[in-house]
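Engineer: Residues per chain, in single letters:
4 protein chains.
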Amino acid sequence: MKERKPEKGWKNKVHEIIYEADTPMGKWFDILLFILIIISVLLVMLESVKGIDAEYHKTLFILEWVVTIFFTIEYIARIVSIKKPLKYVLSFYGIIDLMATIPLYLSYIFAGSQALLAIRSLRLLRIFRILKLVRFLGEASQLKKALKASRAKITVFLFAVLILSVILGTVMYLIEGDEAGFTSIPTSIYWTIVTLTTVGYGDIAPITPEGQFIATLIMLVGYGVIAVPTGIVTVEFGRQGQGKKSPGDKGYVHLNTQACPACAKEGHRDDAIYCYNCGSKL
Amino acid sequence: MKERKPEKGWKNKVHEIIYEADTPMGKWFDILLFILIIISVLLVMLESVKGIDAEYHKTLFILEWVVTIFFTIEYIARIVSIKKPLKYVLSFYGIIDLMATIPLYLSYIFAGSQALLAIRSLRLLRIFRILKLVRFLGEASQLKKALKASRAKITVFLFAVLILSVILGTVMYLIEGDEAGFTSIPTSIYWTIVTLTTVGYGDIAPITPEGQFIATLIMLVGYGVIAVPTGIVTVEFGRQGQGKKSPGDKGYVHLNTQACPACAKEGHRDDAIYCYNCGSKL
Amino acid sequence: MKERKPEKGWKNKVHEIIYEADTPMGKWFDILLFILIIISVLLVMLESVKGIDAEYHKTLFILEWVVTIFFTIEYIARIVSIKKPLKYVLSFYGIIDLMATIPLYLSYIFAGSQALLAIRSLRLLRIFRILKLVRFLGEASQLKKALKASRAKITVFLFAVLILSVILGTVMYLIEGDEAGFTSIPTSIYWTIVTLTTVGYGDIAPITPEGQFIATLIMLVGYGVIAVPTGIVTVEFGRQGQGKKSPGDKGYVHLNTQACPACAKEGHRDDAIYCYNCGSKL
Amino acid sequence: MKERKPEKGWKNKVHEIIYEADTPMGKWFDILLFILIIISVLLVMLESVKGIDAEYHKTLFILEWVVTIFFTIEYIARIVSIKKPLKYVLSFYGIIDLMATIPLYLSYIFAGSQALLAIRSLRLLRIFRILKLVRFLGEASQLKKALKASRAKITVFLFAVLILSVILGTVMYLIEGDEAGFTSIPTSIYWTIVTLTTVGYGDIAPITPEGQFIATLIMLVGYGVIAVPTGIVTVEFGRQGQGKKSPGDKGYVHLNTQACPACAKEGHRDDAIYCYNCGSKL
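Residue numbers (full-length UniProt numbering), protein chains in the order written: chain A, 1 to 282; chain B, 1 to 282; chain C, 1 to 282; chain D, 1 to 282.
Any given hint could be a false lead.
Listed next, the stretches of chain D that the computed footprint assigns to chain A, with coverage defined by at least 3 CB atoms under 8 Å from CB atoms of chain A [to be verified]: (1) 173–186; (2) 189–200; (3) 220–229.
Because the hints were derived from the structure by calculation, they are not lab data. For glycine and all other residues, C-beta sits at the position ideal for the given N, C-alpha and C.
Using the sequences plus the hints, can you model the full thing?
Structural biologist: What follows is the structure, given as structure tokens:
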């Protein structure tokens, strides 16, 4: 019993540092992780620029190893300090963490697997998690709620836009043909969406008068159509603002960043003693 | 009488399956139709890609026949099972259904009429009808109502934009001329709409300083002008939403009124399995 | 006296037909004018298309003369039937009417003055006047009111955008230079506005990494900035809708299309006996 | 004492003219400064156009000197007439004023430093200060307030867009590669932002089917995403308008353009006797 206790204490401490941000150590760890993720993404970016890679290849390679070693330690610590490691390993963030760590090791086994390093940019998503701590939390959650509330409407809308694009794209393919770049129906649909969304690259553009006429119609339709998602989101924002709840209101509870040591679920009540998800003691 | 009844019953059953969706068979038919329409459109798309058509021509051709035969049976069944067949045949969907069915047959009479297959993409519109069944109906009808209510205003607006485009297009034609691609007034108007709607292909772009100056003015006008349809639709959405009472107004944190059977604490998350207070199973 | 009366009666009748739309004849005249203006603009468009002009030059030329003769008669009738002809001749519409009529005559005196025909597109503005009659009037006036109410705010906004564009354009000129197409500061400012308004032709595009970085910042700024006019107009629309007056309300009077025979001012009350502008009997 | 008083009076008068706009002289000075700043920026623009510079080099050079001399006098007068000159010299506007004045002098010492003249465009920012006097002040401050109130939300939003762009840009780099112009991850991210913001230059555009497919997804995402800042700003504008205060309201005070002679802070109450910032007598 005596042997287990300190070990458990050590694991608990690691868990507190890595998974939570309520202690000073936990905050420092999050800041360090934040910086290292940014650096790791910048490294991948710089390596992709031929000129920079040619000149500073060695420096970049060393830094790459520093980041990889830190990520390896972090990954192992995450597995060790959690009660149900498999749940973490198979979770969304668990898989991303692994994929951000192994490419450099793999590159010694399979040549060219260094390209997988780019997957590391997905680790940026963890930044959203880290930022849960800062004051922007309220704003972000309001944005998220408004977007969630208008999700169904926007889905219906995008679906209608897609069907419209398929029909209009097919029409343009029949009218314009190969010369103007409308080489196939999929390409034609691609062009229609480029036009409807007012992106308008110009890599493909109608050259026949009929094609230009229909393109004009598509643009004017797009003009009215672009108003729809804006309208949906704006109204939703307005609603969020009207019924705004302040921390003093009934039914509003502060959820802290504490993570369950067993299942890593976050968002427990401040006065919670047990995890709401798995029932383990927090 | 005895003879007619079973026949009528058989017709009724077919009618129920094809035109309705309240019976299990009707639902399955709709799902099958949905899938076959998607496949038929994908087939037309794939055939238009030269590389794919060259390699898989035979497979695509067989699938094309499968779809065509199903569509033929469906078309005949629709005519047979309805009381007033002519009304269906001459209806919007009736004409589209026919046009989506016959191209392959026609291709044996008139060479090249296979191009008509592209018309099939119009059958996608039927998907909207099929989707009437699903839960998005509410959202879609709200969207439709808001757009209908703002139709008159948007028509006036588009009309004003068109007149403005003709005038500005003519001015640009006089200023820029052939060199920059403004080869005729219609082309010039096409360019003006491309600019006003902020699509901006760049296939035609002003090169003289005066032309660029006026283009700048057009863009700034377009900046203010693009706000108008958005404003119209947003206000309309807001109005639609005001009289709405729905469970869509999901709160901050989903705390329900469920009480823990062990400690009677309330305010659990909707997805809680265990009590946050005592750890008992809820 | 006997001589003057019928003349005055004749003049009055012509005035009623041309300037007003309450009599059947007046309505028919407006519709005819509407059609002829559209035709005259289409003629100018078609003439500008080289291929069409080469083939149908004679037909277009004859039609051009038909339109010009009608416009000449209309112009003379407008002068004759009004009490103060000079006021009409020097008014905005008077000048446009003249400029739309004379180019063909002038082309016999000055070679090449046929290009002035393009000015005719300005006559399209009269269509707005003609449309005063139709049911869209209410919608259009609401749009106009909302835009007028937000004019001051949008002016401030466009002014700020312009200053921002000058500063950012100058910065891009210093960074990018001639190679990428940023040949002068005005061109650079043109590019900045093309980018800020999200038009993005691509005729000029940054090629250095620093230029692309600043371009990215400009786009993200434009992202936030494009929201401003939309926000202004939307709020204004919302306000217009709230205080909407229906025909039954107090203080709402129906204004007819009757025009004062002396000063041609429109918009008199149904029960008006004297012109509100010059005091002449209606 | 007798000697100092008139000097102080002279300094005070200069201070009133340069820093304030309540006296007729002060107003005239502001108008003159406004015009000269516009001219100075136009001069820099015209010099950057090769054709114009070649022909009118001498005229532009003389005008350049006229502007520079006026700016020099103004700069010295600003320093002399203020009680704490160092505060002005090191202030934001103080540094810009200096940088707008010296390039021509520097060009005699360091060849090519004339390029610094472009910095002068920053002086346009002072126009915002001058315009404080005109009636647009109210509108501008309302715009500013709405933008300030939505700053936090827009920051969160732009941050999310940036992370999304890095991830999507990396994906496009892996898919498209060098051929289509996606030469490095930073370039790829640049392209993603160009697409997400619907600018769409077309200097880089996907050519593989997979790339075009993902580009389509990015555009549709951008479609929904562009609605967010608009929604935020619109709701904020709506709020500003609701609680609008009129000059008669309590708690609304008129702030004049008087500037503190000691610290140059503006925006004092009409009945203020001491500067609210440094406590000096006004």
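Engineer: Are there three or more residues in the region 173–186 of chain D whose C-beta lies closer than 8 Å to some C-beta of chain A?
Structural biologist: With 6 residues closer than 8 Å to chain A, the region 173–186 of chain D meets the three-residue bar; holds.
Engineer: Count the residues of the region 189–200 of chain D whose Cβ falls closer than 8 Å to any Cβ of chain A, and tell me whether that reaches three.
Structural biologist: Our answer is that it holds, as 5 residues pass the Cβ test (under 8 Å) against chain A, meeting three.
Engineer: When I compare C-beta atoms, does the region 220–229 of chain D have three or more residues closer than 8 Å to chain A?
Structural biologist: With 7 residues in contact (Cβ-Cβ under 8 Å with chain A), the coverage given for the region 220–229 of chain D holds.
Of the hints listed earlier, there is not a single one the structure fails to meet.
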